[in-house]
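A.B. asks: Just need the whole structure built from these sequences, with the hints factored in.
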Amino acid sequence: MTVAALTLDGLGVAFAGFKAVDGVSIIIEEGELRVVLGANGAGKTTLMDLISGKTRNTSGRVYLYDTDITHWQEHQIARAGIGRKFQIPSVFRELSVRRNLEVASFETPGVFSNLSLRQTAASKRRVEEALELTGLGPQADRLAGGLSHGQTQWLELGMLITQNPKILLLDEPTAGMTQAETRKTTEILNALRGKHTIIVVEHDMAFVREVARRITVMHLGQVLAEGDIKTIEKDERVKQAYLGSKGIM
Amino acid sequence: MQATKLRLNLAVYVIFIACILLAPMFLEEFALNRLAKFLVFGMLGVAIALSWGYAGILNLGQGLFFGLGAYMLGMSLKLASPTSMAQGSDTPVPDFMLWNAEPGSKTDLCCINGGSWLWIPFQNHWFGILMGMVLPTLVAFGLGMVVFRKRIAGVFVSVITLACVLLVRLLIVDAQPLTNGWNGLTDLGILTIGETEFDPYSVTTYYLVAISLSVALILGRLLTETRSGMILQAIRDDYNRARYLGFEVSSFQVFFFCASALIAGYAGMLYVIVAEFASPAFMELSFSITMVVWAAVGGRGSLIGACIGALLINVIETSVSETAALVEAWKVIIGLIFVLVVLFMPQGLAGLASSVTDRVLERFSGRAARLRQADSQQQPAE
Chain S
1 MTVAALTLDG LGVAFAGFKA VDGVSIIIEE GELRVVLGAN GAGKTTLMDL ISGKTRNTSG
61 RVYLYDTDIT HWQEHQIARA GIGRKFQIPS VFRELSVRRN LEVASFETPG VFSNLSLRQT
121 AASKRRVEEA LELTGLGPQA DRLAGGLSHG QTQWLELGML ITQNPKILLL DEPTAGMTQA
181 ETRKTTEILN ALRGKHTIIV VEHDMAFVRE VARRITVMHL GQVLAEGDIK TIEKDERVKQ
241 AYLGSKGIM
Chain Z
1 MQATKLRLNL AVYVIFIACI LLAPMFLEEF ALNRLAKFLV FGMLGVAIAL SWGYAGILNL
61 GQGLFFGLGA YMLGMSLKLA SPTSMAQGSD TPVPDFMLWN AEPGSKTDLC CINGGSWLWI
121 PFQNHWFGIL MGMVLPTLVA FGLGMVVFRK RIAGVFVSVI TLACVLLVRL LIVDAQPLTN
181 GWNGLTDLGI LTIGETEFDP YSVTTYYLVA ISLSVALILG RLLTETRSGM ILQAIRDDYN
241 RARYLGFEVS SFQVFFFCAS ALIAGYAGML YVIVAEFASP AFMELSFSIT MVVWAAVGGR
301 GSLIGACIGA LLINVIETSV SETAALVEAW KVIIGLIFVL VVLFMPQGLA GLASSVTDRV
361 LERFSGRAAR LRQADSQQQP AE
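In order, the protein sequence lines correspond to chains S and Z. Count the first sequence with the numbering used here and you get residues 1 to 249, in order. Count the second sequence with the numbering used here and you get residues 1 to 382, in order.
Calculated directly from the structure, the hints in this document are not laboratory data. Given the structure is predicted, the values throughout are model-derived calculations rather than measurements. One or more of the hints may lead you astray.
Claimed, not checked - Okay, derived cross-link-like pairs now, DSSO-like style, lysine-lysine, Cα gap no bigger than 30 Å in a straight line:
id: 1; chain 1: S; residue 1: 184; chain 2: S; residue 2: 195
id: 2; chain 1: S; residue 1: 166; chain 2: S; residue 2: 184
id: 3; chain 1: S; residue 1: 124; chain 2: S; residue 2: 184
id: 4; chain 1: Z; residue 1: 150; chain 2: S; residue 2: 54
id: 5; chain 1: S; residue 1: 239; chain 2: S; residue 2: 19
id: 6; chain 1: S; residue 1: 230; chain 2: S; residue 2: 166
id: 7; chain 1: S; residue 1: 124; chain 2: S; residue 2: 19
id: 8; chain 1: S; residue 1: 124; chain 2: Z; residue 2: 331
id: 9; chain 1: Z; residue 1: 150; chain 2: S; residue 2: 19
C.D. replies: In structure tokens:
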């Protein structure tokens with residue numbers, strides 16, 4: 001019997017009457033890597049915003065395991081174990097790569113609990129692990145602002161990994177990457193598979209084929225279809241709405 | 001290389017602090033008093049660097065905290081002045097209150113005018129000293145809670161702080177019977193703690209200022225090295241990223257905004273001791289902007305850089321003002337310096353020093369690496 005890591009129950013939000021996400025119910029199992037597909041404006045990023053607390057939902061609930069995290073503040077949701085990577089890679093540009101990871105690895109949210117010159121052994125160890133996983137060791141002392149686009153994406157991923165999140169939300173992790181960079185990202189994600197529950201929003205079909213087991217297709221703010229890659233490819237509604245007649249290329 | 005840089009940075013602090021502590025051996029009292037004033041400005045540079053450079057909060061109203069600190073101690077010193085005892089009352093009453101009093105009102109702090117009772121606790125100079133630190137911090141806390149909880153950022157914070165300093169200045173000028181309005185608090189007594197008199201021209205007073213600045217520099221630098229200091233810099237670079245990593249962004253901003261205000265308020269008190277007056281001019285916009293220029297020139301990313309920037313500009317300004325032709329032109333010169341620094345040296349003198357150090361260190365480590373390589377290539381031949 002598998003455990004549900006993230007449960008979305010009729011989640012929805014309306015912006016001035018426009019329902020960007022409308023009654024989405026998804027159950028994501030522990031250790032799963034779920035890909036969310038959908039055309040532009042299907043509500044994928046908004047869905048991520050709702051889970052991570054950036055946007056307040058107007059209906060439905062979000063559960064992390066058995067905890068109802070609906071309407072929690074962003075930093076509380078992050079501390080509860082949901083790490084989010086943004087579509088536009090965001091790192092701390094004026095700090096070194098190592099410092100970026102160090103900051104991410106600090107364990108408490110407030111200012112007073114962090115008034116110390118020491119870093120815990122666990123925090124140091126996680127920084128080293130993240131450097132290894134992302135292969136950014138040689139760049140550790142460089143400013144994050146000087147990294148290439150791909151490296152910046154990996155750094156942001158590494159920052160999330162230092163937090164050992166239960167759930168990783170990745171918004172288009174391969175956007176703007178070269179093929180070689182995409183391949184490396186695939187490797188990183190495959191290495192994380194099973195350790196974390198991962199939700200990926202992605203357009204790059206080569207990448208999706210490489211990593212996806214289960215896919216959720218969204219259309220106009222609703223779940224259109226859900227299943228493994230073959231089921232989705234065959235689904236008539238999905239073809240009409242998004243893939244065209246040629247299937248997942 | 002990082003470690004080498006940190007050691008060099010430490011060396012700069014040690015040398016600077018040694019210099020200001022040794023200065024009394026070389027300067028006579030007038031020059032010492034002048035230097036003490038500059039050191040107070042250096043402390044303001046530290047406060048600006050902490051909020052602007054480290055927290056990314058460009059406060060255009062730092063003069064508010066400086067002014068509040070100055071007025072709090074100024075009130076105590078005004079009551080300690082001989083003139084305040086010479087107004088025909090058993091308890092001290094500031095002379096200007098009599099000038100502004102309604103005919104027939106009682107010559108006592110309790111009721112000479114509507115708000116004069118506010119002055120009563122300031123008869124104890126410890127109260128003035130305490131308030132000089134507490135009030136600026138409290139005001140910063142209130143302001144910060146509103147601004148940062150509401151997630152206001154960037155130029156809007158600057159505009160709000162700017163409005164605040166002008167508002168308070170207006171209030172102080174307007175409350176003439178209570179604050180002596182435009183004239184400010186003058187003819188102050190000398191701060192006496194125990195047996196020690198802090199005469200503005202004495203070496204004791206100079207050391208009070210120099211040691212205070214040293215402590216502010218060291219504590220400030222330590223603060224930026226804590227985990228909170230690192231997180232603060234992360235917030236400066238991308239507050240959203242920091243928030244989604246699980247940090248309470250506003251708590252860090254409020255804390256360091258308060259720390260900056262505390263340093264500025266403390267500097268205000270020192271200035272009153274050294275200059276013997278408190279004036280609403282401290283809260284004029286031009287003064288707050290000048291502080292920002294000091295930090296920009298010295299390097300807002302470095303506490304000691306901003307401090308040295310403040311010293312440097314004031315030393316230049318003083319020597320320039322001795323040449324009559326340049327006195328009027330000074331404002332133009334300082335404006336020009338600011339524009340040039342922003343255009344060509346965005347990290348100021350400290351940034352320049354840092355990149356030069358980087359280049360030198362790289363050359364050294366490059367040469368060391370080449371030597372090692374040459375060694376290892378020779379070895380097989382032996």
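A.B. asks: Does the structure keep residue 124 of chain S and residue 184 of chain S at a Cα separation of 30 Å or less?
C.D. replies: holds (24 Å)
A.B. asks: Taking 30 Å as the top limit, are the C-alpha atoms of residue 124 of chain S and residue 331 of chain Z close enough?
C.D. replies: violated (50 Å)
A.B. asks: Hinted pair, alpha-carbon criterion (30 Å max): residue 166 of chain S, residue 184 of chain S. Please report holds or violated.
C.D. replies: This hinted pair holds, its Cα atoms lying about 22 Å apart.
A.B. asks: For the pair supplied as a hint, residue 124 of chain S and residue 19 of chain S, confirm whether the alpha-carbon distance does not exceed 30 Å.
C.D. replies: Violated, because 44 Å separates the two Cα atoms, which is more than 30 Å.
A.B. asks: Can the restraint linking residue 239 of chain S and residue 19 of chain S be considered satisfied, given a maximum Cα separation of 30 Å?
C.D. replies: holds (23 Å)
A.B. asks: Regarding the pair residue 150 of chain Z and residue 19 of chain S, is the alpha-carbon distance no greater than 30 Å?
C.D. replies: Status holds; Cα separation ~26 Å.
A.B. asks: Straight-line Cα separation of residue 150 of chain Z and residue 54 of chain S no greater than 30 Å?
C.D. replies: Status holds; Cα separation ~15 Å.
A.B. asks: When you check the alpha-carbon spacing of residue 230 of chain S and residue 166 of chain S, does it fall within 30 Å?
C.D. replies: holds (28 Å)
A.B. asks: Quick one, are residue 184 of chain S and residue 195 of chain S close enough, alpha carbons at most 30 Å?
C.D. replies: holds (18 Å)
This entry does not satisfy hints 7 and 8, going by the numbered hints stated previously.
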